[in-house]
Amino acid sequence: MFNKDTVRLIGKSFKRFFSLLMIVLIGSSFMMGLLSTREIMEKSVDRYNDSYSLQDIQLYSSYGFDGGDLSAIRKQEWVDHVFASRMRDVLSINSDGDVAVTRIEETDRAVNKFELVEGRMPQNSSEVLILNNTLQLGNYKIGDELELYLEDDDVLEIVRCDKVTIVGIVRSPAYMCKTLGTSTLKNLELDIILYTVPAAFNSEYYSTVYLTVKGAVGLDGYGKEYKDLISSAMSDAEVFSKKQSQVLKTKLVDRYTAAIESNEAELESKKMEGQLKLDDAQQKLEDANIQILASQAQLDSLTMVLRQGQDRLAALRSQFSGRYSNVEEEVKKIEDSYGRSFDAVYSEVMSDYGTYTALKSMSDQSGADEINAQIASIESDTASRRGRLDNELYPRRAELQGILSSAESSEAEKAAAATELTFIEQQISEEEDAVALNERLAASLREISEAGKNGSAKSRMDAIDAKYGGSVEKTYRDMTALSRDRVAWETIKSEIDIAQQAVDRVSGEISSLRGQINRGKAQYEAGMREYQKNLLEFNEQIEKAENEIKKAYQDLNELPDATWTVLDRNKHYTSYMYSASSKQMGAIGISLPLMFFLVAGLVCLTTMTRLVDEQRGQIGIFRAMGFSKAAVIGKYVIYALLASGIGCFIGVWAGMAVFPTVIYRTWRLLYDLPGMAIRFPLINAALVFGAFSVLMTAVTARVTSRTLKEMPSQLMRPKAPRVARKVFLEYIPFLWKRLSFTGKITARNIIRYKARFFMTVIGVAGCAGLLVLGWGIKDSIKDVVNIQYGEIMRYQYVVGLENDHDLDGIIGSLESDLGNEEVVPFMRYSTKMYLENGDDVLEAQVVDARQFTDIYALRSKDLSRYLRLGNSGAIVSEKFASNNRIREGDYVTIESRNGIKAEIRVEAICEMYFQHYIYISRDLYEALFDEPVHFNTVAVRSSSGAESIEQELQGHEGWESVVDFTPVIGQFNKMIKALDLIIVVIIATSAALAFVVLVNLTQVNLSERIREIATLKVLGFRQSEVEAYLFKEIFMLTFIGALLGIPTGKLMHSFIMNVINMDMVKFGMIIKPHSYIYAFVITLVFSFIVLLFTRKSIRDIEMVESLKSVE
Amino acid sequence: MSFIEFENVNKIYRMGEVEIKALSDVSFSIDKGEFVVVLGSSGAGKTTILNILGGMDTATSGRITVGDREISGLKEKDLCEYRRSDVGFVFQFYNLVQNLTAKENVELAVQLCSDPMDPVFVLKMVGLEERMNNFPSQLSGGEQQRVAIARAVAKNPKLLLCDEPTGALDYVTGKQVLRVLQDMCDKQNMTVVMITHNSALAEMGRKIIRVKSGHIESVEINGSPKSIEDIEY
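Line order of the protein sequences matches chains L and E.
One point on numbering: in my numbering, the residue at position 147 of the first sequence is 147, and numbering is uninterrupted.
Count along the second sequence from 1, add 1111, and you get the number used in my numbering.
No wet-lab data here; the hints were simulated from the structure.
It cannot be assumed that every hint is accurate.
[As the list claims (entries may be wrong)] Pairs of lysine-lysine residues, derived as DSS-like cross-links and limited to a Cα-Cα distance of at most 25 Å, are as follows:
#1 L/Lys-1096 to E/Lys-1188
#2 L/Lys-1032 to E/Lys-1235
#3 L/Lys-571 to L/Lys-243
#4 E/Lys-1235 to E/Lys-1188
#5 L/Lys-251 to L/Lys-214
#6 L/Lys-832 to L/Lys-754
#7 L/Lys-550 to L/Lys-251
#8 E/Lys-1286 to L/Lys-1096
#9 L/Lys-571 to L/Lys-15
#10 E/Lys-1143 to E/Lys-1132
#11 L/Lys-737 to E/Lys-1286
#12 L/Lys-224 to L/Lys-214
Keep in mind the model is a prediction, meaning the values are calculated, not measured.
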């Protein structure tokens, strides 16, 4: 009977029952879904980890591992599978010029295996697989060629082949997180992972060892059992590694020692060889020096000779110019006046003077006798010569001519004859001349003698004197003196010539010798310099080599102890990140459903209160009939439990069906997750059932027992209406008077029914909050990329430069295109910041302060203002600052591009979502590090596209690549689409929440006020006025709720965003204004829809209800 | 012509297959300023008459005029306007709005019509000037009913309809309430129609209409209606 009554009660108050059921359904589905998500996330990945043998433990060694280490590791009894990898981190560049930090691993592996998703396995060292899980995957596909390189080293020392082709795509639990962790290259973030055949690696050492622990497969990787097993294996591993780690070091030390010793010996021999060469060179130089000295001595003696010659020449010249200065002139005068040569004149003068003296001598007897004697002697000489000619010479000549012309004479005879003939002819001519002279002399003597005899001598003498202007004697004497001087002059003149020639010769010799000496000296000096340079160099080299060897010994001595680092999955980047994510999900799963739980409690409270109020009379009758309080309470508890039971049952299933799937799918944004492993978590279901049952029972029992305190007789009478109370507004008459009656009623009602107020406000706030959360998540994640690449970085392209030689030309060409709005060069490099607790790496960008705002629109961390780059300090990106607790105004130490350290002021901290940066003005950089800035990058803000930029760069030297950011944005936006699903789920959930709460509220309000409404109708209230009277309250509550929903949503949003934050990526905390507006408006729309449904109920209320007695 | 005319009014309720004839061929007339008492036992149809007269229900057939307006055949919207401007209603259970003070309850009605009376004046008239800022729950039943009457009267209606106004009241307070109603009729010259099952009260009326199982049993003109103080019930 009693049960039948309960069933009927449900039928009678179905709307109420249903709303109770619905709120429980929503709450329980939310709770179940979110509670179970963590487990599902963990189970799915654990299964994945097991099937691809994810490492349990990883070993690193400061010296690497060799085969000996490996076999020792294999012998450990806790070890299951072992895989030693020679993986290395290098750089790669693809045909588009994308540079990526690349890890290259081996394919054949027992641990951290992978699944081939597409393509085929590599067959040689030029083929690779690529991990599909990378944010930049869009840039790589099968068939792409990559070039591997290293900035400082030769990549071919690591791998056999530096040009590789992608032949397949893989996924692996080892790299499930889409950020791959840091590489070993200057701590840069890893961009891509490649796998290639083991034969592609050159190194003989393994860089790391992955291993699995016996018995770990099958255990829950996030559970306690696994943790215990691993921690015991870890302690074994620690002990073992301490021992084993020294083995390789000892081997290496021996090998290095040998190497250093051989280097030392080689140095010694080189040293000797070099010394010998140097000595030889020195000897040669000394020889050359001696040669130069000898030449110098010769030069000295020659100089002396020259000086003597020159002295003599000078003496001769003075003589010449003094005494004989007019000789030539005199001679010339005579020759001119006589018109004949001097000699001819002189001989005539002599002859005339002879004649004159002879004539003079005729004046006495002795003179005449002497002339006669002379004539006689001349005539006798003439006679003797004639005799010789006639008797001796002429006959002989004839004889010889005969021999010559005779045919009988022999050739020898003829030759002798010819010789003799020449001689004879000569004698003949001499004798004939002498004869002729004698005859002329004799003739003239005879003439003189004749003249003396006939007295004409005197006149003849006078004639001769007259011929010479008075005195032939004087003329003769003058001429004789002149002739003597002339001879002397001639002699000196020839001597001067000879002396001049000698001087010239000597001075020629001297100058050639001097040239020789100079050349020799120059050669010597050059040789000397060369020698000294070589000597210096040699000494330096030797010293350097010796130092190197010394250092090598020192290094060897100071070689750190070999240590092995033993890491469990907590230090495995992906596992750590994912475990953190699932833990965060667990936190969300516990906190968010609390709101639903609270609302469910409030809905139950109002519903049951109203139900019990309506049932007063019934309860009174039952009580009067003798049913116990417990029985009565039980009836309503069963009612509530039925609603919550059915709600939970559906809710648990619905929650399992919807939330884990949606959330799991959303996590795929950050992780490359395997298929989902759904297992129905019975414990959670029991928990949800239990929680709601307890809640419903407690609330219902409390409500019912409150009513049951009244006596049955009281119960059968109408309930005394709740006392209306004045609200605070009434104490402000100014405002209160302005309120309409409905306004007044609304104000008082809101205050009067607190449970209803809270239920509605919390429920609606929850609804609006969820909507804000949903859109906020999307805003924050979506905007990360759009803000980063659209608002903060105002450029879309980056031109990488090899050098800045043609920087002006490149900038000029880029600026000539009107599509390129801004072209700004800057210098970027990876720098290290020295901090109290270790160093951290970030990218430095050095820009001209005036151009900074052309390419960056940095905002302060709280987004309140835009930042300028000044010369008093640097700007640091916020994630880096918060990771390292850096605040504005702090001083930090960073490295310049060349590794110089300097302290710099942190002027401001800027909003930034990807990567870590420090921005420094060019002037500050140069002042701080005393180092010129060489731009290596050009940022281009452009609407032209990468291809046109590349075209503009044609013909310029020194640029490497053009990087385009637009595909990154597109890629990311595609991923963001997945978030739409979460929005849909959130809208659906929040709509359901709003509907349930509002329907419940209107139901309760309506049922409670049927009388009032009927009365108003009777009083002549129009339909619209009645609606306004009722709805105003609901609208007010919705409005308050929706308003409160905004901060609520913001709170939930920042909670959830903090939970899903990552190291390198900072998600925005942004909720766009329109998201608030959406949430607000949609919430109001929900309530409006509910009210539309209610209108009919209001219209259906009969006015006759007003005439009925109070229940 | 009289102020109110009921001519051959029938009212049939259909409850599924069953037809219940609540009123059959009811005709009567009421003059302006008359105090009319409709008398009948429970279920006789007097409430139906009141409902139809008050514009809360429509007749199945027949003709009803109030003043110069025919209200039979009016649509719901027009009926609402009729109730709003022409009718004042006093309920058996007062039906005050719990969240409004006495004065506010009166004002609530006043705001509906174009030519209302001053609420304070009306409340004074019913003797409640001391209590007008109290909430209904702070008032006694008689006081509540007087507020209800004030609310009905303040609209300055052509017609004041009262449904067992003393049904929930004790004798003394009931008398006070009836006094007010009588005053309304006498002093304000208001047409008052009061429904009651208490035949003792019939003497108050100038006209007494007796109803029995849907029919008009009799219409009696009382030449000298008694003052309420003279009636014992």
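Okay, the hints, checked on the actual structure:
For a cut-off of 25 Å, the pair hint linking L/Lys-1096 to E/Lys-1188 stands: about 16 Å separates their Cα positions. Of the pairs offered as hints, the one joining L/Lys-1032 and E/Lys-1235 is violated, with about 32 Å between alpha carbons and a cut-off of 25 Å exceeded. The straight-line distance between the Cα atoms of L/Lys-571 and L/Lys-243 is roughly 22 Å, inside the 25 Å bound, and the hint therefore holds. As the CA atoms of E/Lys-1235 and E/Lys-1188 are separated by approximately 33 Å, the hinted pair breaks the 25 Å bound.
In summary, the hint linking L/Lys-251 to L/Lys-214 is not supported, as the alpha carbons are separated by about 31 Å, beyond the 25 Å threshold. Between L/Lys-832 and L/Lys-754, the direct Cα distance comes to roughly 60 Å. Violation of the 25 Å bound is thereby established for this hinted pair. The straight-line distance between the Cα atoms of L/Lys-550 and L/Lys-251 is roughly 21 Å, inside the 25 Å bound, and the hint therefore holds. Taking the CA atoms of E/Lys-1286 and L/Lys-1096, the gap is about 41 Å. The hint is violated against a cut of 25 Å.
With a CA separation close to 55 Å, the supplied pair L/Lys-571 and L/Lys-15 exceeds the 25 Å bound. Pair hint E/Lys-1143 plus E/Lys-1132 does not hold up; C-alpha atoms about 29 Å apart against a cutoff of 25 Å. The suggested pairing of L/Lys-737 with E/Lys-1286 is violated, with an alpha-carbon distance near 35 Å, which exceeds 25 Å. Restraint check for L/Lys-224 and L/Lys-214: satisfied, since their Cα atoms lie roughly 16 Å apart, inside the 25 Å limit.
Hints 2, 4, 5, 6, 8, 9, 10, 11, counting from the list given before, are not met by this structure.
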